[in-house]
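Protein chains in written order, with our numbering: chain E, 1 to 289; chain W, 1 to 792; chain U, 1 to 165.
Just so you know, these hints were derived from the structure itself, not from any lab. Wrong hints could be hidden among the right ones.
[Claimed, not checked] Short derived list, chain W residues pointing at chain U, Cβ under 10 angstroms:
#1 ARG47
#2 PRO159
#3 THR280
#4 GLY502
Don't be surprised by glycine CBs; every beta carbon is placed ideally from N, CA and C.
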Amino acid sequence: MKPASFEYHRAYTPEEVVEMLTELGEEAKILAGGQSLTPMMNFRLARPSALVDVNTVAGLDYIRREGDELCVGALTRHRALETSTADDVHDGFGLLPRAARWIGHYPIRSRGTVGGSIAHSDPTAEWCLLARLYDAQVVVQGPGGRRAIASEDWFTGFLTTSGEPNEMVVETRFGRPRAHGALTEYARRRGDFAIAAAAVAFDVVEGRCRDVSIVLGGVANEPLRLPEAEATVEGAAPEEDTWAAAARSAAEVIRPASDLNGDDHYRRHLVDTLTRRAFVEALETGTGR
Amino acid sequence: MTTEPDKPQRWVGNRLPRREDPRMLRGSGRFVDDIPDPHAYHLAFVRSSVASGRITEIVTDDAIALPGVIAVLTSADLGHPCLTAVLEREEFVPTTMPMLAMDRVRYAGEPIVAVVAEDRYLAEDAADNVWVEIAETPAVLSLDDLGRPDLPVIHDAAPDGVLVDLHMFTDDLLDDVLASAPLVLEETFRSGRVTAAPMESRTCRADWRDRDEQLVLEVSTQVPHQVRSGVAQALGLPERKVRVIAPDVGGGFGQKCVVGREEVVAAAIAVRMRHSVRWTEDRQENLIASFHGREQEYRVRAGFDAEGRLVGLEADIRCNIGAYSVYPFSCAVEPLMAATELPGVYKVGRYAARARGFASNKPPTAPYRGVSRPQIVLVMERLMDKAARELGLDRVEIRRRNTIQPDEFPYLGPNGITYETGSYVEALELCAEQIDESGWPEQCEREDGLLRGIGIVNFSERTAYGTATMGMRKMQMTPGFEVSHVRMDASGDVVVTSGTCGHGQGHETTFAQIVADVLAISPDRIKLRQGDTDVTSFGWGTFASRSLVIGGGSAAVAAHRLADQLREVAAEMLEAEPTDIELVDGHAQIRGASDARLSIDDIAATVHFRSHTLVQREEQLLEARGSADPPGMFSNAAHAALVEVDPGTGDARVVDYIVVEDCGVVVNPMIVDGQVRGGVAQGIGSALYEEMSYSPEGQPLTGTFMDYMVPTASEIPRVAVHHLETPCDQTETGAKGMGEGGTIGAPAAVLSALNDALSDYGADIDFVPVRPAHLLAVLEGASDSERRLETA
Amino acid sequence: MKDQHLVSLTVNGREHELVVESRKTLADVLRDDLGLTGTHLGCEHGICGACTVLVDGEPVRSCLVFGVQADGREVRTVESLADGDELNDLQQAFSRHHGLQCGFCTPGFLMLGEAYLSTDPEPDREEVREVVSANLCRCTGYQGIVDAVCEVAEMRRSKDSEGTP
């Protein structure tokens, strides 16, 4: 399983990346962590004509708090977020380090990048789910400079984004920090892609749930926000019945596919379970605010 | 590393650190792909993209034109090399397996064209540019397809798809017995297709050597001599002109105990081109196109009396054995073993069994670790659990009542097998005790939302059977014996050769322990040479839990003869009778006069360099030969599994596991424990995680390690292993084989535990693998037919 | 025309300058160009971990890294662990606990273990089990591997707390 040939290029700034991508054409791809792209290349399912290695691009490996936004540079490795003890992260976004532990295994987290995951757009990828959960802005660099795209407009389909072939994700800005958050997923083996995942975030104000987000993974071509389920929780008491109602709504609204892992009935049951458990965990854990 | 024994002068029985370890830990093991040969040609194969069809055109021009491509070859270019495994039985239909597909393809992944290039990258580039046109035809995939009126014919000689039909055992009284039995169970059990997935996939390197007038084939195999025979036959070469070497082999589990098609192709190309050629199977090829195992169905009728004793058992066994018979074992191995050994440790009363092997458009099945025994144990243990439930009996008690009792050995079963003394009842009792000691029943009472269950199974494992027993299969090449040579060199070091072929079982350690005890020298002085057809005597390789007993046994026989020679020489040198000489701690001494002694090293030096001073001996040097060919014996074990089921997700997890096993005298307990644990892991894999799945058109759906779920450390619990030792009187060492036991018992134990965990929901699951969706269906009260998901 | 690049990398403390084709994986560069065949290929899609090496101290599946990407980097393979004839503590522990049988997956587990141990973890069996689940083994059932890593984590921690001379 050896990859097909490609031209290898190395870039040192985001502008250079864009220039190279523009020059090399649509068949060129960015090489970041390589944990998703390289296996596909080894299978020859992906045959980019050229790779632009961005591991040498300086200045994109950071985690910064700017007001209510947590700005994560695209080349931040999963492991950096996983192991972060910074108050900036844990204050309102403590779910991110916790969720990072679900990503594959330690060697994958050493190499894989947040930007790469956002660009890859797998509907079970933890950062993609959290981007939707926290209404993230995806900042890309293109020929005309930088632009920010709301995550709901960024993920457009299975492994598809609204980014142009010659644009590079440079930053993900997670917004709407909340006191409580959890991501829970189910896979047959430790570290596998989730069969389904549920992520929730909310505040509790005067005994009521506020500012609720619910995102499901693995049930559609993109991460799925659930406004109907969110509405059942908004303003309700943080308790079992509320979680059950949200879970039921979530299970009812989805149209999941059937595959070796289970049919749609099974996935609905799974989503119901995971949604409830995510809420229970979120309430217990909190994100420190 | 120190090699001090716990018991002085007795190496057998000690947890000796393994001789194999240092090189493996350093990364200086020598696996086939590690062998340096920078100028070798590399092979890549163009494989069938469909399960069944006629090849109408092969276009290679574009491929040949690519840089670094040496040749692009079809079956015709190589003279149509083929192998046909034959059983000399009427009920068997031989199938010829072409090494490259000729005019038809019979499974997705079947190799059609061999591309030869300067490196693997270039070979794959060229393979991408070979155009093969195949007119796809309907495929036969599962046992459910059989009985279709328009059944596609895979082999003209078997239009109904039946490649072997064995009415192994018949009994005219069985029907009456079942008719009058208070309880009759009629059940169907199924197990899914799995694959061995050794961490080293299959690899080879072939090279013609003019000086030796010989093809040298280095190959990751368990059976070097059988590969030699296969290659020689397929290429029309005398066996002397083929040398097969198995260097370090990264696991086999039966997938490598048959001859591979690609290694024959590599050999053919090396001979033809007079140039070294190498091939490494990638993981996708290994999962999709290498040999599989265990897709079987059992339709069973079992009669029990009011006390829960079996009075009759009838089985109709169907095995989906894929597109061809593997060479040389043939496709009949699974059906034969299933029908012959189904009763296991139980007295079944009247017995009838029919076993058939059906062809399908899937890869051929090879004898994957356990070979039908995981299935037959699953059948018997489910029957016990069901009968216990129907009759209101304790699950252990019903087994106790049916198990062959200590005073009943030797026991002649209705399957014609005589079972020698084993600890069947003792193992069961100890296992049941350990379940209680481990607090499992209390754990099952916990109320934390998880459902817990306990499974207990009891079974035997037939091991180390020699030619007489193997002969009953009626193979054209009947395995069984082993021959060993033991040679002491001038310094007193010893080389042992064996026709076995270890690939993780620690033979270099255990054989040295056996020989060390006989010769009274340290195992450090003893080196085992295996896996080279030019170095060892003809032998059969490593499979069927045979090597320690038969290979180690033949080494022991040879070592005893060498010991006699040492005593003979020592007697002359010490002016005593050979019968007065004993070998102790590296010395030969006169019994009762320990100051009259010589070091064995001195004896060796004398024999080599001062042989003129020895006048009484007729022979030169210190070399001996020994052989072993036992009838075969049964080891036994009882397994217990504790599972947790999460109703919210349907997830099932094995959280604890107990094994009580008896393999006779234990040569190295650490190695035995390792074999058990590794086997249990594979068994858990096939119970919960692993299945080779196909689309309705026969496309493999599980061609990556993401889809074919080999368990990780998070899925495998600690396994507590307890040893009983019922020494075997057939073998030199008193040991029995045991390498497959872990894999044999685990699926049944896990399934039993799942049914127990969901017993309040009327669980009656009779198949593996069990998936979360299945368990959810049970929890939701779905009927039996709705519970099963479609897998082709 | 092959797309080739001059690459300078340090492997096990030695510097190398190589011309490599861009698509050649680090695993193949180590094995073929440098003769370091201890790193094995078990799947070439990043799941089995047999190819695990350290790049700048981090555990990496070398089948998912191109050789050109190792330019300027420090790579450590299984061949760097032993000191002449003496196996290191982790290697010895693997042998003691029978954490290997066929040996094919072993280099990957050793490098994974070394990477984990370098984070100075508190020995916790469940955490070790989780780390070990990053790689596949078909022979051992994993118990010996988990035992070995746990024991060495303990040993290295107590050596640290005693204060190394």
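Q. Measuring from the C-beta of THR280 (chain W) to each C-beta in chain U, is the shortest one below 10 angstroms?
A. Holds. Min distance 8 angstroms.
Q | Proposed interface contact between ARG47 (chain W) and chain U, which counts if any beta carbon pair is under 10 angstroms | A | Violated: closest Cβ of chain U sits about 17 angstroms from ARG47 (chain W), beyond 10 angstroms.
Q) With a cut-off of 10 angstroms, does the beta carbon of PRO159 (chain W) approach a beta carbon of chain U closely enough for the hint to hold? A) 39 angstroms, violated
Q) Does GLY502 (chain W) pass the interface hint, meaning its C-beta sits closer than 10 angstroms to a C-beta of chain U? A) Holds, because the Cβ-Cβ distance from GLY502 (chain W) to chain U comes to roughly 9 angstroms (cut-off 10 angstroms).
Going down the numbered hints, you'll see the structure goes against 1, 2, while the others check out.
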